[in-house]
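Use these hints to put chain X onto chain L, whose structure you have.
Protein chains: 2
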Amino acid sequence: MCGACHGAKGIATAPDAPNLAGQSAIYTGAQLKAYRSGMRKHEVMNVVAKPLSDADIDALAAWYASIKIQVQTP
Amino acid sequence: MCGACHGAKGIATAPDAPNLAGQSAIYTGAQLKAYRSGMRKHEVMNVVAKPLSDADIDALAAWYASIKIQVQTP
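Protein chains in written order, with the numbering used here: chain L, 1 to 74; chain X, 101 to 174.
Hints were generated in silico from the structure; no laboratory data involved. Warning: the hint list may mix true and false statements.
Heads up, simulated DSSO-like pairs for lysine-lysine below, C-alpha to C-alpha not over 30 Å straight-line [said to hold, decoys possible]:
| hint | chain 1 | residue 1 | chain 2 | residue 2 |
| --- | --- | --- | --- | --- |
| 1 | L | K9 | L | K68 |
| 2 | X | K133 | X | K168 |
| 3 | L | K41 | X | K109 |
| 4 | L | K68 | X | K141 |
| 5 | L | K41 | X | K133 |
Beta-carbon label-pair distances, calculated as ranges [stated by the list, open to error]:
| hint | chain 1 | residue 1 | chain 2 | residue 2 | range |
| --- | --- | --- | --- | --- | --- |
| 6 | X | D116 | L | W63 | 24 to 30 Å |
| 7 | L | A55 | X | D154 | 39 to 45 Å |
| 8 | L | K50 | X | C102 | 20 to 26 Å |
| 9 | L | A59 | X | L152 | 31 to 37 Å |
All C-beta atoms, glycine included, are put in the ideal place defined by N, C-alpha and C.
Just chain L, same shape as in the assembly:
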């Protein structure tokens, strides 16, 4: 489901969605919890995050963190 906007490998396909590939699990987990609680607001993400368990969030955050990124060298 995440892939629709954030891309299959966490490189966003929607211009207003962030890349998640390579973000730390701490950061992604915190954002998902903030969306779930409504502390961080986004029409889609508040709905999508609502049913996630802590374990779901940990797994998603770990998965995106496991995709390593690098700055492209020309």
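Just chain X, lined up with the frame of chain L:
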């Protein structure tokens, strides 16, 4: 100033800070405006974003978007 947490090239050095390298200007600009207005909450970012002009935000967002990233292939 951003580099202290987000890294000199937008690859975060602080584990709770996101990478900004390669994020779309639309996304980064929207987040900076949300931090500036207080709509998105973060102790540091709300303070840091407060004095930014729209032009400052556009320039920062464009700069981070100009750093291209790729998923590392093993």
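Now the hints, each set against the structure:
For a cut-off of 30 Å, the pair hint linking K9 of chain L to K68 of chain L stands: about 10 Å separates their Cα positions. For a cut-off of 30 Å, the pair hint linking K133 of chain X to K168 of chain X stands: about 23 Å separates their Cα positions. Taken as a hint, the K41 of chain L and K109 of chain X pair is honoured in the structure, with Cα atoms around 28 Å apart against an allowance of 30 Å. Between the alpha carbons of K68 of chain L and K141 of chain X the distance comes to roughly 27 Å, so the proposed pair stays at or under 30 Å and holds.
Straight-line distance between C-alpha atoms of K41 of chain L and K133 of chain X comes to about 13 Å, which keeps the hinted pair within the 30 Å bound. Checked against the given bound of 24 to 30 Å, the beta carbons of D116 of chain X and W63 of chain L, roughly 18 Å apart, lie outside it. Taking 39 to 45 Å as the suggested C-beta distance range, the pair A55 of chain L and D154 of chain X conforms, at roughly 41 Å. Evaluation of the 20 to 26 Å hint for K50 of chain L and C102 of chain X yields a failure: the beta carbon distance comes to about 32 Å.
Between A59 of chain L and L152 of chain X the beta carbon distance is about 36 Å. The supplied range of 31 to 37 Å therefore holds.
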